[in-house]
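Colleague: If you read the sequences in order, they're chains A and B. Numbering follows this note's numbering, in which position 470 of the first sequence is assigned residue number 470; successive positions increment by one, without gaps. Numbering follows this note's numbering, in which position 96 of the second sequence is assigned residue number 96; successive positions increment by one, without gaps.
It is worth saying that the hints were derived from the structure and are not from the lab. Since this is a predicted model, take the numbers as computed values, not measurements. A portion of the hints provided could be inaccurate.
Result set (DSSO-like, lysine-lysine): computed pairs, CA atoms no more than 27 Å apart in a straight line [what the hints assert, rightly or not]: (1) B:Lys123 - A:Lys481; (2) A:Lys58 - A:Lys48; (3) A:Lys502 - B:Lys83; (4) A:Lys271 - B:Lys70.
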Amino acid sequence: MKRKIQVVICRVCSQGVPVLDVDKLAKTAAEAPYVGSVVTVDYACQSKTISSIVEDAKTKEADRVLVVPCSKKDVSPSLFQAYVRRGKINEFLIETVDLTNEVILPHREDPTRAQEKAEARLAAAIARLAALEPLEKHEEPMRTKNLVVIGAGVAGLEAAQVAAGHGLHTILIEKTDRTLKAPGVLLSKSRLLRAKGHGGNFELVIEAGEKEETLECAVIVVASGGDWSQGKGSLTRSCKEAMPLFRLKDSIDSGTLPSGPVVIVDTPDPKGSTMKAQDFAWDDALDLAMIAKRASPETDVTLIFQEMRASGLSELTYKEAAQLGIRFIRYDNKSPPTIDEKDSKRLIVKDLAQDEVVSLRFSTLSYASIPANPDNIGIADALRIPISLDGGIRRGSMQRGPVTTPRPGVFVCGSAMFPKPEAVARAEGKAAGILATQFVASGTVEYGGAVAEVTPEKCSACLTCVRTCPYEAPFIGAAGKAEVRTQLCQGCGMCAGICPSKAIDIHNYTDEQLSIETEAYLRGGF
Amino acid sequence: MSERRPKIVGFCCEKHGMDCVTLAARSERQYDSSVRLIQVPCTGRVDGIHILEALENGADSVFVLGCLEKNCYYDTGSIEGRKRVEYVKGMLAETGIEPERVEMFNASSSMAWKFHDIVSSMKDVAERLGPIRPGGGDSE
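Here chain B stands alone, though its shape is the one from the complex (with noise of 0.2 Å):
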């Protein structure tokens, strides 16, 4: 093990954000591998809990993925996903931890280019950010 390597942790909605997955597989572009996704059956069941266990087990980064807003297998989920998210933020920032380790996304079933981008920019601010330092900000 030369160099470290960034964790990155997706919450993709068994809908339309697997397919995106699916789909930007079978795009013959590849993307990096450490990218551990766990799929939820909507976007609205992602709790804080959830991203912050994540974050707990080591991950740099973590995103949700769901649909688009306005075309959501379960009509308002997405957009409670990204409430969610934005929660967890405000915690983060906080308790001294960078928000944007953790970033919602919305993508529809056929939008495959966008989970490489996706990747993408949660491995740039992996890289950029570093583990996560225990203790964070200056406590006490």
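This is chain A alone, in the form it adopts within the complex (with noise of 0.2 Å):
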């Protein structure tokens, strides 16, 4: 394989606060094995420098690209389209150099170990590139352009509505037998059975009334709203007549609160350590204490809690129950609060600030209540996405976007994830609508390229891998050797980082081309 690597140094984003000596960046790079041509050039976003950068890459036969930038991200796209198209390079070895970020910046201040910082930041990088291979990326047509949405609540007609705007072919699934003005497709009373295929090209089997069928589509919203746990825990065990939040509302309003103290307690479940109350538990639970200290200020009002998470401007309703004269008691989950066991109108709870035993007497105990929604397992489960704790569907990193699960093409919107005020559960549903439609634009799923291949000979089939993943890749194969499903692979790597046989590898961040950039990285000067 022959290698030749031209080097494209911006003048002006390296240079940008005069520390880095470009012109001796420049020698040193092209001393650097494998490198044909090094260019400096002022503004390599500019199509007149794209241009002629492109041509002598043409011209001296380079067949890989590093390109040091102002910064990664601004980078211009057309750039690599150039590269790509006219120069006929593999966009696996277009590499890019973050020199600003990572040197200039944070460094500026002691020019001469920059200008040494940033010459070992160049040989590794390109000795990096030196040792990448090309690589392909594969396409596969989208059999259709559905979006299923399940559930159609606030936040699933929403994402609906907006996605129907698109020119996507929507199909809402409905449990119950409601019916509702849809922008599409209304299928009441069926429910998600089996999920097969991945983001583009999903195959849905839904039990549609009394018979099963199968559906198509190519991005799906999770939509299935949320409902209360009737939790049982510790507490609720020991006093019966312990009720949830919702439930305390409901007997202010209807005016059959009982006189005397509220404790209101941030769990049903004290001791165990699942079911703990939600960030929105708190402005409710603190709500409700105003409601009924206001109600009858006489009343003693009580909040125990491990840990108040009264986020944002709830932080002001906090401060204001305080003043109010709603007392607070924080408590350790190694001596949780407990029920009397002579008197069963009395809880006892260590309070963690004073230090001490204090026996409440109450005639209404509260709980935080905590979402649930049972619908949500089994929708999970077929979708393969996680759940969280209380039930809800976990999101995706807020790096893919607020309405994402960890599954691409799978999105979660409004109280599937836990309850939530109706005008944010819209906002959501409308966002879940956007993202899936930019998801079926394109008309064809992009998979393959920096993904990971098994080395069969090397394989044990120990199953590391396959429970690993988290995308659910990896499989045993019918060889007996694992697999890689290369449209479920995100190229993490977290695979290959785990093989005890070290039989995965992930293209460009292979174990020798790690350890050749690492080895590079350290030659150079201190």
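Using the supplied hints, reconstruct the complex from the two chains, each of which is provided in its own coordinate frame.
Modeller: Rendered as structure tokens:
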């Protein structure tokens, strides 16, 4: 394999703050192995410059390119496109080095050492680039452009409305037989049973009325809504009259709240580790405590909690509640509050702040409601998406977006995650609808590239990769060796890191490539 | 070269880890230039061998920087990364090398201050322990 690297250094960006000696940098780069040509340009993002550097790469027969732009995220996509289309350079052989953010800005007060580090960084990048291999991406057409929305509630209808507005064929799956004006097809009295496939080409099996039907779709929005758990815990078992917050609200509203002290605990199960109150439950707890206190100011209202999470503007509510005279007691779950064995109307709790045991008389005992939707378990299981401890669909990393799940092509919105106000659910529905539209816009699923690959000879079929992968990409194939479903692989490399037989490698981040880079980077001056 | 400079290597995930580095760079604060960062797709990709090779190539301390555990881009990647780092620490302790030379950190892309803290703590370790003594403890 011939290896000829073209290094493009953008003068303006690398010198934005005059820290680095670009000419010296270019000279060091030119001396590195495999470097065919070094071009220093002003404004690598200008279209005129792009044509000339691509032309240079063509005449010098470079097959890989190292770009040193302003910052990785600012580099013009048209530069890469020009290299791929006109320069016929594999897209996986174009690397960028972010000297601005890695060297110039954080070390501009020490230009000598910054120069040393920049040269070492460049040498490491060149060594890494020389070790890379060209890769191919594959495309698979989406068989349909259907969007399936699970749940025709506030969020689900909003998502369907937005997606339908962009021309997606939407199918709503609703478990009740409510008649709704829905944008698209509404399958009432139906539920999701199983799902196959991957983002872009899902195949769902749904139960519609009495019969089972298969349904092909490109993208799924989960808007199954939420409910309150009827959770049983140590507290609810020992005190039968304990009620969740939403019941407390009902009895305050209807005026049937018995007179006497009110105690609100943060969870129905203070001994356990599950069923923890969510942030929003604190808003409710504080609001209700204040309503109860305002209704009869002589009543003692006490909030017992492990961790007060009144976030954002609720902090003000917390302060207001304290000013109103509501008492707060913090406990540790090693000594959780218990009902007095002699008097069932007394709660014993160890106050963490005062370090003393308090016995509280109450006539009403309430606990923060824990959200749950029993349907979520089935949906999460069918779609292979994670579920949180309190029964909501767990969303993926915030960097992927607030309405995404870790699984591409599956979005989640509304109270399916945890109960939330209508306006928020509607906004999330809108977001999910737009993201679903964006997902199917190209009409093809792209996969492959820098993904995992198994060397079958080394594989001992120990199932470690199968268990570790969050996307369920590896499986044990017919030959009794692990294989990777390329369509599902996201290229994180967790399987490659964990494989005890070292049978999996992730393209462009192989063990060898990483060692070459480390070695080259540490060889330079410090 | 009057004094010996510490060598610090950081394996950063390309999601929150690298974003944290970028934000730290833009925060107008300077950090020590003896830090060398190597990008990996996810901290779950980091294998013991990569950390050990960095130490072998002369690094005094190595850190691994990944997403927050509950907000990892690849869902469980930074949890896996931490397991790997703990494993390497155990291995180092066995060979007589101070395990605190290797550390795992989590940061989100908005926690710029965290990166400065990481660099200063790893620099402290590198300066306090000095270069790895060949042979380490008493073999044979």
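Colleague: Now tell me, hint by hint, if it's right for this structure.
Modeller: Checked hints:
1. Taking the CA atoms of lysine 123 of chain B and lysine 481 of chain A, the gap is about 44 Å. The hint is violated against a cut of 27 Å.
2. Distance check on the hinted pair: lysine 58 of chain A and lysine 48 of chain A sit about 16 Å apart at the alpha-carbon level, within 27 Å; holds.
3. Taking the CA atoms of lysine 502 of chain A and lysine 83 of chain B, the gap is near 17 Å; set against the 27 Å cutoff, the hint holds.
4. In summary, the hint linking lysine 271 of chain A to lysine 70 of chain B is supported, as the alpha carbons are separated by about 23 Å, within the 27 Å threshold.
The earlier numbered hint that this structure contradicts is number 1, and it is the only one.
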